[in-house]
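Asker: If you're matching them up, the sequences are chains A and B in order. First residue of the first sequence? That's 193 in the working numbering, and the numbers climb one at a time after it. First residue of the second sequence? That's 2 in the working numbering, and the numbers climb one at a time after it.
A couple of the hints might just be wrong.
Said to hold, decoys possible - With a straight-line Cα cutoff of 20 Å, these simulated DMTMM-like cross-link-like pairs (lysine to aspartate or glutamate) come out:
{"no.": "1", "chain 1": "B", "residue 1": "55", "chain 2": "A", "residue 2": "292"}
{"no.": "2", "chain 1": "B", "residue 1": "54", "chain 2": "B", "residue 2": "68"}
{"no.": "3", "chain 1": "B", "residue 1": "54", "chain 2": "A", "residue 2": "230"}
{"no.": "4", "chain 1": "B", "residue 1": "95", "chain 2": "B", "residue 2": "18"}
{"no.": "5", "chain 1": "A", "residue 1": "201", "chain 2": "A", "residue 2": "222"}
{"no.": "6", "chain 1": "B", "residue 1": "55", "chain 2": "A", "residue 2": "230"}
{"no.": "7", "chain 1": "B", "residue 1": "54", "chain 2": "A", "residue 2": "218"}
{"no.": "8", "chain 1": "B", "residue 1": "69", "chain 2": "B", "residue 2": "4"}
{"no.": "9", "chain 1": "B", "residue 1": "56", "chain 2": "A", "residue 2": "248"}
{"no.": "10", "chain 1": "B", "residue 1": "55", "chain 2": "A", "residue 2": "293"}
{"no.": "11", "chain 1": "B", "residue 1": "55", "chain 2": "B", "residue 2": "94"}
{"no.": "12", "chain 1": "A", "residue 1": "201", "chain 2": "A", "residue 2": "230"}
{"no.": "13", "chain 1": "B", "residue 1": "56", "chain 2": "A", "residue 2": "264"}
{"no.": "14", "chain 1": "B", "residue 1": "54", "chain 2": "A", "residue 2": "248"}
{"no.": "15", "chain 1": "B", "residue 1": "95", "chain 2": "B", "residue 2": "82"}
{"no.": "16", "chain 1": "B", "residue 1": "55", "chain 2": "A", "residue 2": "251"}
{"no.": "17", "chain 1": "A", "residue 1": "201", "chain 2": "A", "residue 2": "248"}
{"no.": "18", "chain 1": "B", "residue 1": "55", "chain 2": "A", "residue 2": "218"}
{"no.": "19", "chain 1": "B", "residue 1": "56", "chain 2": "B", "residue 2": "18"}
{"no.": "20", "chain 1": "B", "residue 1": "56", "chain 2": "B", "residue 2": "94"}
{"no.": "21", "chain 1": "B", "residue 1": "95", "chain 2": "A", "residue 2": "251"}
{"no.": "22", "chain 1": "B", "residue 1": "95", "chain 2": "A", "residue 2": "230"}
What the hints assert, rightly or not - Chain B regions said to be covered by chain A (calculated; three or more residues, Cβ under 8 Å):
{"no.": "23", "segment": "54-66"}
{"no.": "24", "segment": "69-76"}
{"no.": "25", "segment": "82-94"}
Said to hold, decoys possible - Derived contacts from chain B toward chain A, CB cut-off under 7 Å, selection only:
{"no.": "26", "residue": "9"}
{"no.": "27", "residue": "10"}
{"no.": "28", "residue": "28"}
{"no.": "29", "residue": "29"}
{"no.": "30", "residue": "42"}
{"no.": "31", "residue": "98"}
{"no.": "32", "residue": "100"}
If you're looking for bench data, these hints aren't it; they were derived computationally from the structure. Keep in mind it's a predicted model, so treat the numbers as computed, not measured. Every residue, glycine too, gets a C-beta built ideally from N, C-alpha and C.
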Amino acid sequence: NAGVTQTPKFQVLKTGQSMTLQCAQDMNHEYMSWYRQDPGMGLRLIHYSVGAGITDQGEVPNGYNVSRSTTEDFPLRLLSAAPSQTSVYFCASSYLTGVDEQYFGPGTRLTVT
Amino acid sequence: KNEVEQSPQNLTAQEGEFITINCSYSVGISALHWLQQHPGGGIVSLFMLSSGKKKHGRLIATINIQEKHSSLHITASHPRDSAVYICAVSNTDKLIFGTGTRLQVFP
Numbered sequence: 193n194a195g196v197t198q199t200p201k202f203q204v205l206k207t208g209q210s211m212t213l214q215c216a217q218d219m220n221h222e223y224m225s226w227y228r229q230d231p232g233m234g235l236r237l238i239h240y241s242v243g244a245g246i247t248d249q250g251e252v253p254n255g256y257n258v259s260r261s262t263t264e265d266f267p268l269r270l271l272s273a274a275p276s277q278t279s280v281y282f283c284a285s286s287y288l289t290g291v292d293e294q295y296f297g298p299g300t301r302l303t304v305t
Numbered sequence: 002k003n004e005v006e007q008s009p010q011n012l013t014a015q016e017g018e019f020i021t022i023n024c025s026y027s028v029g030i031s032a033l034h035w036l037q038q039h040p041g042g043g044i045v046s047l048f049m050l051s052s053g054k055k056k057h058g059r060l061i062a063t064i065n066i067q068e069k070h071s072s073l074h075i076t077a078s079h080p081r082d083s084a085v086y087i088c089a090v091s092n093t094d095k096l097i098f099g100t101g102t103r104l105q106v107f108p
């Protein structure tokens with residue numbers, strides 16, 4: 193099993209550009225989530241999904257969209273990038289909910305200039 | 002005040018020392034997670050516990066539900082234990098994270 197994969201690993205965007213961060217898992221996990229990690233702060237939840245077709249907002253959802261058309265994939269879209277979105281983004285999955293063991297992807301380091 | 006607080010924020014140790022990292026939380030939880038993040042950035046789950054104590058190799062995690070407190074212990078520390086250790090709690094469908102403890106173990 194590949195586990196949780198994320199692409200790209202690094203990305204530089206100009207302000208106003210849009211892009212999609214990809215996340216996929218091959219463990220048949222129902223729960224998937226996106227976090228951002230900023231210096232001096234804990235991981236913060238952006239959006240999460242408890243199953244295909246179901247998504248919900250986390251703590252910091254503004255400026256981001258998600259969809260969950262399949263169990264395997266959970267892409268994160270930046271609609272119009274801003275310097276405040278410079279961060280490291282992690283995708284994670286677990287069997288059913290946040291109660292279960294979490295599996296993290298390797299992260300995407302995004303810089304917005 | 003953060004809902005999950007870790008202490009200390011930074012910790013240095015000599016190889017072989019016994020290490021303790023603490024986590025306190027202020028919300029109701031269904032489980033507590035300890036995670037490890039190496040300098041390369043990857044995050045791995047070390048423990049998930051809702052009561053008592055768990056042990057894996059040189060790592061031991063304990064939780065006191067009444068006191069809303071958990072500790073992560075590392076026995077006979079080694080330079081390869083150098084990493085950021087993150088405490089997180091499961092609150093309904095979400096995880097709430099502490100800011101992490103940066104551990105450096107010197108030979």
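Asker: For every hint, state whether the structure bears it out.
Answerer: Each hint, compared with the structure:
Our distance criterion of 20 Å between C-alpha atoms is met by residue 55 of chain B and residue 292 of chain A, whose separation comes to about 16 Å. Among the hinted pairs, residue 54 of chain B with residue 68 of chain B is consistent with the structure: their alpha-carbon atoms are about 15 Å apart, no more than 20 Å. Our distance criterion of 20 Å between C-alpha atoms is broken by residue 54 of chain B and residue 230 of chain A, whose separation comes to about 31 Å. A distance of roughly 35 Å separates the Cα atoms of residue 95 of chain B and residue 18 of chain B; the hinted pair therefore is violated under the 20 Å criterion.
For the hint linking residue 201 of chain A to residue 222 of chain A, the alpha-carbon distance of about 24 Å lies beyond 20 Å, and the restraint is violated. With a CA separation close to 30 Å, the supplied pair residue 55 of chain B and residue 230 of chain A exceeds the 20 Å bound. Taking the CA atoms of residue 54 of chain B and residue 218 of chain A, the gap is about 31 Å. The hint is violated against a cut of 20 Å. Distance hint between residue 69 of chain B and residue 4 of chain B is fulfilled; the C-alpha atoms sit about 11 Å from each other, no more than 20 Å.
Between residue 56 of chain B and residue 248 of chain A the CA atoms are separated by roughly 35 Å; this puts the pair beyond 20 Å, and the hint is violated. Distance hint between residue 55 of chain B and residue 293 of chain A is fulfilled; the C-alpha atoms sit about 14 Å from each other, no more than 20 Å. A hinted pair counts as satisfied when its Cα atoms are at most 20 Å apart, and residue 55 of chain B with residue 94 of chain B does not qualify at roughly 23 Å. About 16 Å separates the Cα atoms of residue 201 of chain A and residue 230 of chain A, which keeps this hinted pair within 20 Å; it holds.
Among the hinted pairs, residue 56 of chain B with residue 264 of chain A is inconsistent with the structure: their alpha-carbon atoms are about 32 Å apart, more than 20 Å. For the hint pairing residue 54 of chain B with residue 248 of chain A, the CA-to-CA distance comes to about 33 Å; that exceeds 20 Å, so the pair is violated. Restraint check for residue 95 of chain B and residue 82 of chain B: not satisfied, since their Cα atoms lie roughly 28 Å apart, outside the 20 Å limit. Our distance criterion of 20 Å between C-alpha atoms is broken by residue 55 of chain B and residue 251 of chain A, whose separation comes to about 30 Å.
Between residue 201 of chain A and residue 248 of chain A, the direct Cα distance comes to roughly 25 Å. Violation of the 20 Å bound is thereby established for this hinted pair. Annotation: proposed proximity of residue 55 of chain B to residue 218 of chain A is violated, straight-line Cα distance about 28 Å (limit 20 Å). In summary, the hint linking residue 56 of chain B to residue 18 of chain B is supported, as the alpha carbons are separated by about 18 Å, within the 20 Å threshold. This hinted pair does not check out: residue 56 of chain B and residue 94 of chain B have alpha carbons roughly 26 Å apart, beyond 20 Å.
This hinted pair checks out: residue 95 of chain B and residue 251 of chain A have alpha carbons roughly 10 Å apart, not beyond 20 Å. Among the hinted pairs, residue 95 of chain B with residue 230 of chain A is consistent with the structure: their alpha-carbon atoms are about 19 Å apart, no more than 20 Å. Counting residues of the segment 54-66 of chain B whose C-beta lies closer than 8 Å to any C-beta of chain A gives 0; at least three are required, and the coverage claim is violated. Evaluation of the coverage hint for the segment 69-76 of chain B: breached, as 0 residues show C-beta separations to chain A shorter than 8 Å, against a requirement of three.
Here the segment 82-94 of chain B counts 6 residues with a CB under 8 Å from a CB of chain A, which clears the bar of 3, and the coverage holds. With 7 Å as the threshold, the beta carbon of residue 9 of chain B stays out of range of chain A, its nearest partner Cβ sitting at about 15 Å, so the hint is violated. Checking residue 10 of chain B against chain A: minimum C-beta separation of about 9 Å lies over 7 Å; hint violated. With 7 Å as the threshold, the beta carbon of residue 28 of chain B stays out of range of chain A, its nearest partner Cβ sitting at about 13 Å, so the hint is violated.
Contact between residue 29 of chain B and chain A, as hinted, is not supported at the beta carbon level, the nearest pair being about 13 Å apart and thus beyond 7 Å. Of the supplied interface hints, the one on residue 42 of chain B holds, with its beta-carbon coming within about 5 Å of a beta-carbon of chain A, less than 7 Å. Hint status for residue 98 of chain B: holds, given a least beta-carbon distance of 3 Å to chain A, under 7 Å. Here the hint on residue 100 of chain B is kept, as its CB sits about 5 Å from the closest CB of chain A, short of 7 Å.
This entry does not satisfy hints 3, 4, 5, 6, 7, 9, 11, 13, 14, 15, 16, 17, 18, 20, 23, 24, 26, 27, 28, 29, going by the numbered hints stated previously.
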